[in-house]
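Just so you know, the protein sequences line up as chains V and P, in that order.
The opening residue of the first sequence carries number 1 in the numbering used here; numbering runs sequentially from there.
The opening residue of the second sequence carries number 436 in the numbering used here; numbering runs sequentially from there.
Check the hints yourself; a few may be wrong.
Taking lysine to aspartate or glutamate and the EDC-like style, the derived pairs with C-alpha atoms no more than 20 Å apart in a straight line are [to be verified]: (1) P:Lys605 to P:Glu623; (2) V:Lys179 to P:Asp608; (3) V:Lys245 to P:Asp535; (4) P:Lys605 to P:Asp535; (5) V:Lys434 to V:Asp344; (6) V:Lys77 to V:Asp93; (7) V:Lys434 to V:Asp300; (8) V:Lys245 to V:Asp288; (9) P:Lys618 to P:Asp527; (10) V:Lys245 to V:Glu202; (11) V:Lys179 to V:Glu370; (12) V:Lys434 to V:Glu155; (13) V:Lys245 to P:Glu623; (14) P:Lys605 to P:Asp527; (15) V:Lys178 to P:Glu623; (16) P:Lys618 to P:Asp535; (17) P:Lys605 to V:Glu202; (18) P:Lys618 to P:Asp537; (19) V:Lys176 to V:Glu202; (20) V:Lys245 to P:Asp527; (21) V:Lys77 to V:Asp56; (22) V:Lys178 to V:Asp410; (23) P:Lys605 to V:Asp300; (24) V:Lys49 to V:Glu118; (25) V:Lys434 to V:Glu232; (26) P:Lys605 to V:Asp423; (27) V:Lys434 to V:Glu160; (28) V:Lys178 to V:Glu202; (29) V:Lys178 to P:Asp537; (30) V:Lys176 to P:Asp608.
Residues of chain P clear of chain V, computed beta-carbon distances all greater than 12 Å [said to hold, decoys possible]: (31) Arg497; (32) Gly502; (33) Asn514; (34) Arg522; (35) Asp529; (36) Asn551; (37) Pro552; (38) Asn571; (39) Leu574; (40) Ser600.
Note that these hints are calculated values from the structure, not bench results.
Glycine included, C-beta positions come from ideal geometry on N, C-alpha and C.
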Amino acid sequence: MTRRLALLLVLGWALWLPLRAGAGLTIEITSGVEGATPIAIVPFGWTGKGQPPPVDVAAVVAADLARSGRFAPLPRKELISRPTRGNEVNFRDWRLMGVGSLLVGRLLPLGKGRLRLEFQLFDTIRGSQLAGYSLAVTTAHLRQAAHYVSDVVYEALTGERGAFQTRIAYVTVTGKGKKRRYRLQVADADGYGQRTIVTSTEPLLSPAWSPDGRRLAYVSFEGRHAAVYVQEVATGRRTEVSRDKGINGAPAWSPDGTRLALTLSRDGNPEIYVLDLRTGRRRRLTHDPAIDTEPVWEPDGRAIIFTSDRGGGPQLYRIPLDGGRARRLTFEGDYNSSADISPDGRRLVFVHRDAAGHFRIALLDRRSGEMRMLSDGVLDESPSFAPNGSMVLYATEYRGRGVLAAVSVDGRVSQRLRFQAGDVREPAWSPFEKR
Amino acid sequence: MSIRTTVLAGIGLVLVWLAGCTGMGVTPRAGGGAPAEVVEAAPAPAPGGGPAGAAQPEAGARTSGAGGAPRFQGMSIDNPASPLSHRTIYFDFDSAEVKDADREILAAHASYLSANPQVRVILEGHTDERGSREYNIGLGERRAKAVARLLEFMGASPSQIETVSYGEEKPADPGHNEAAWAKNRRVEIVYVMPGQKRDEP
């Protein structure tokens with residue numbers, strides 16, 4: 001054991017295991033739930049003796065569904081009864097309350113820290129079950145299991161895949177002067193289970209998830225020079241993929257995960273390159289004396305959308321990978337940058353400076369050309385789509401501190417993710433894990 | 436090369452890599468423990484001097500070191516009256532144009548560099564916090580290169596100049612207002628003297 005530990009210490013970099021941090025984050029719904037579908041989520045039953053499990057599954061599910069903006073879970077004190085299984089449900093009572101959907105469930109002890117989680121979702125109008133599952137979970141993973149329940153409910157009621165089991169990555173900054181620390185962290189989509197995967201005395205930025213959700217590419221200024229790294233999230237093992245003269249920045253994964261689009265200034269000014277991660281070969285995509293940066297891939301992998309100030313100020317452009325000229329996409333305002341693209345490719349979100357000089361997150365419908373504002377801050381930046389396209393996560397400022405915020409794509413529900421200390425920035429929402 | 440020397444070389448490489456890691460300022464994580472703090476390497480003990488107060492020879496006499504007295508060495512570029520003491524150039528929003536008033540300062544730096552070819556400078560480009568971060572990295576580089584081009588035009592050699600852009604990542608003033616932003620849109624001229632390692636900016 002000691003020998004093994006010593007070996008692990010020597011090869012410490014290979015482990016670099018994520019670290020569990022306390023729940024440093026709370027979520028605050030900052031605006032409206034108007035038009036959301038009412039749903040009753042009854043506290044789950046517990047049939048074991050002694051202490052109930054440490055996670056209130058029904059509360060986690062209710063918080064998830066409320067955050068989506070699509071649902072308005074009934075407050076607990078308004079629940080007229082507390083059934084825990086289907087045969088205890090009186091559908092008429094719930095219908096009379098105007099509640100069309102009802103989730104009930106229970107937890108049963110299996111011994112050795114294992115539980116059985118059973119739940120059923122009902123349509124109270126028809127009196128029929130929409131979904132029902134029974135699964136074995138460990139107490140330690142009960143919170144993740146609750147997010148699974150949220151995904152089942154969300155998909156059964158909206159027809160779209162839920163994104164509650166996904167994760168977010170972001171950068172935190174604490175301390176001043178020599179004590180300043182930049183940390184790249186990963187947390188569940190609701191902000192719980194924060195883990196630090198990189199700590200540095202020099203800036204970290206631009207985390208980007210690989211399409212399989214297992215790796216993060218990011219920029220680090222360690223050694224006071226920019227470099228792009230790819231790190232396995234589970235093991236912490238990382239590879240330096242670009243450390244050329246000048247800028248090495250803005251990594252973006254191709255949809256098949258084999259290539260990274262990057263910004264390099266090795267030829268004198270920032271240009272977009274495509275780096276093949278298998279061969280190490282790279283190809284320059286843009287040729288312009290302006291700043292070309294912040295690439296994102298079209299979902300079909302055939303073109304890249306990027307920021308360029310070739311027309312004077314920063315605007316979004318699209319360039320095909322197989323040759324052809326860059327075409328401008330944004331025309332409203334004199335500052336549009338840092339795009340993310342919806343999973344279906346139909347929408348773009350980006351940083352837009354409005355007439356009052358405020359930097360806000362804008363959404364552009366690519367078919368209609370209609371642009372509207374999603375955020376109402378002064379210094380909003382780094383928008384990132386949820387993998388189901390339902391929400392946008394971004395960085396904003398609140399009472400002099402950097403915080404993360406999320407908004408539903410219809411702009412109806414917004415929320416702030418509050419951390420205990422320091423500035424939080426550069427959010428990136430993970431893709432779905434393969435199912 | 437025998438297998439043993441290969442293994443030893445391998446371990447040595449890992450150790451060198453780990454040492455390099457500390458120097459780079461990044462803390463690797465070892466399995467699940469408390470966050471490892473970044474530890475600065477302790478200075479090597481002075482030659483000849485043992486650890487202070489550690490020696491306890493026979494016959495009761497105790498020896499201890501006196502430590503080294505610091506030696507000061509002033510540098511002409513630090514003369515407050517010299518234009519060389521001005522080492523920050525400020526810019527307008529989304530602009531990389533060096534203002535006319537700063538050209539005189541840059542001319543002084545260029546002639547100092549041209550007279551002291553062994554001296555190097557690192558030009559650090561910065562922006563204010565507004566707008567997107569990667570675009571600002573590009574803008575910071577454009578500012579650093581604008582200053583580099585002027586220094587070269589005024590007589591410094593390209594081999595003496597290095598540029599790096601931090602974008603909005605290292606503000607001089609952490610405030611969120613126009614006064615802070617004006618201080619943050621800048622290029623810092625960091626001198627590297629011969630034989631000197633670059634110190635903390």
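Results of checking the hints against the structure:
With a C-alpha separation of about 11 Å, the suggested pairing of Lys605 (chain P) with Glu623 (chain P) holds against the 20 Å cut-off. With a CA separation close to 16 Å, the supplied pair Lys179 (chain V) and Asp608 (chain P) stays within the 20 Å bound. For a cut-off of 20 Å, the pair hint linking Lys245 (chain V) to Asp535 (chain P) is broken: about 30 Å separates their Cα positions. For the hint pairing Lys605 (chain P) with Asp535 (chain P), the CA-to-CA distance comes to about 26 Å; that exceeds 20 Å, so the pair is violated.
Between the alpha carbons of Lys434 (chain V) and Asp344 (chain V) the distance comes to roughly 17 Å, so the proposed pair stays at or under 20 Å and holds. Using a Cα cut-off of 20 Å, the hinted pair Lys77 (chain V) and Asp93 (chain V) holds, with the two alpha carbons roughly 15 Å apart. For the suggested pair Lys434 (chain V) and Asp300 (chain V), the alpha carbons sit about 18 Å apart, so the restraint of at most 20 Å is met. Our distance criterion of 20 Å between C-alpha atoms is met by Lys245 (chain V) and Asp288 (chain V), whose separation comes to about 18 Å.
A C-alpha spacing of about 10 Å is found between Lys618 (chain P) and Asp527 (chain P), which places the hinted pair at or below 20 Å, so the restraint holds. A threshold of 20 Å between alpha carbons decides the hint, and for Lys245 (chain V) with Glu202 (chain V) the separation of about 18 Å falls inside it, so the pair holds. For the suggested pair Lys179 (chain V) and Glu370 (chain V), the alpha carbons sit about 46 Å apart, so the restraint of at most 20 Å is broken. Restraint check for Lys434 (chain V) and Glu155 (chain V): the C-alpha separation of about 16 Å stays at or below 20 Å, so the hint holds.
Between Lys245 (chain V) and Glu623 (chain P) the alpha-carbon distance is near 19 Å, which keeps this suggested pair within the 20 Å criterion. Under the criterion of a C-alpha separation no larger than 20 Å, the hint pairing Lys605 (chain P) with Asp527 (chain P) is consistent with the structure, at around 17 Å. Restraint check for Lys178 (chain V) and Glu623 (chain P): satisfied, since their Cα atoms lie roughly 18 Å apart, inside the 20 Å limit. Among the hinted pairs, Lys618 (chain P) with Asp535 (chain P) is consistent with the structure: their alpha-carbon atoms are about 18 Å apart, no more than 20 Å.
Of the pairs offered as hints, the one joining Lys605 (chain P) and Glu202 (chain V) holds, with about 9 Å between alpha carbons and a cut-off of 20 Å not exceeded. At roughly 15 Å between alpha-carbon atoms, Lys618 (chain P) and Asp537 (chain P) fall within 20 Å of each other, so this suggested pair holds. Of the pairs offered as hints, the one joining Lys176 (chain V) and Glu202 (chain V) holds, with about 12 Å between alpha carbons and a cut-off of 20 Å not exceeded. Simply put, Lys245 (chain V) and Asp527 (chain P) have alpha-carbon atoms about 26 Å apart, too far for the 20 Å limit, and the pair is violated.
Restraint check for Lys77 (chain V) and Asp56 (chain V): satisfied, since their Cα atoms lie roughly 16 Å apart, inside the 20 Å limit. For the given pair, Lys178 (chain V) sits about 43 Å from Asp410 (chain V) by alpha-carbon distance, which is inconsistent with the 20 Å threshold. Only pairs whose Cα atoms come within 20 Å are accepted, and Lys605 (chain P) paired with Asp300 (chain V) is rejected, the gap being roughly 37 Å. Proximity of Lys49 (chain V) to Glu118 (chain V) is assessed by CA-CA distance (about 18 Å); at most 20 Å being required, the pair is judged to hold.
Distance restraint check for Lys434 (chain V) and Glu232 (chain V): the Cα-Cα separation of roughly 16 Å lies within the 20 Å cut-off, and the hinted pair is therefore satisfied. With a CA separation close to 13 Å, the supplied pair Lys605 (chain P) and Asp423 (chain V) stays within the 20 Å bound. As the CA atoms of Lys434 (chain V) and Glu160 (chain V) are separated by approximately 16 Å, the hinted pair is consistent with the 20 Å bound. About 10 Å separates the Cα atoms of Lys178 (chain V) and Glu202 (chain V), which keeps this hinted pair within 20 Å; it holds.
Taking the CA atoms of Lys178 (chain V) and Asp537 (chain P), the gap is near 30 Å; set against the 20 Å cutoff, the hint is violated. Distance restraint check for Lys176 (chain V) and Asp608 (chain P): the Cα-Cα separation of roughly 11 Å lies within the 20 Å cut-off, and the hinted pair is therefore satisfied. In this structure Arg497 (chain P) is separated from chain V by more than 12 Å, as the shortest Cβ-Cβ distance comes to about 36 Å. For Gly502 (chain P), the condition that its CB be more than 12 Å from all CB atoms of chain V holds, with the nearest at approximately 23 Å.
Look at Asn514 (chain P): its CB is around 26 Å from the nearest CB on chain V, clear of 12 Å, so calling it non-interface holds up. Residue placement check: Arg522 (chain P) keeps its beta carbon more than 12 Å from all beta carbons of chain V (closest about 17 Å). The Cβ of Asp529 (chain P) sits about 7 Å from the closest Cβ of chain V, inside the 12 Å cut-off, so the non-interface label is violated. With a cut of 12 Å on Cβ distances, Asn551 (chain P) stays outside the contact zone with chain V, its closest approach being about 23 Å.
Remark: the non-interface label on Pro552 (chain P) is consistent with the geometry, its nearest Cβ contact in chain V lying 22 Å away (cut-off 12 Å). Not every CB of chain V lies more than 12 Å from the CB of Asn571 (chain P), the least distance being 9 Å, so the non-interface label is violated. The Cβ of Leu574 (chain P) does not lie farther than 12 Å from every Cβ of chain V; its closest approach is about 7 Å, which violates its non-interface assignment. Consistency note on Ser600 (chain P): stated as away from chain V, yet its beta-carbon is not over 12 Å from all of that chain's, at 6 Å minimum.
Of the numbered hints stated above, those contradicted by the structure are hints 3, 4, 11, 20, 22, 23, 29, 35, 38, 39 and 40, listed in ascending order.
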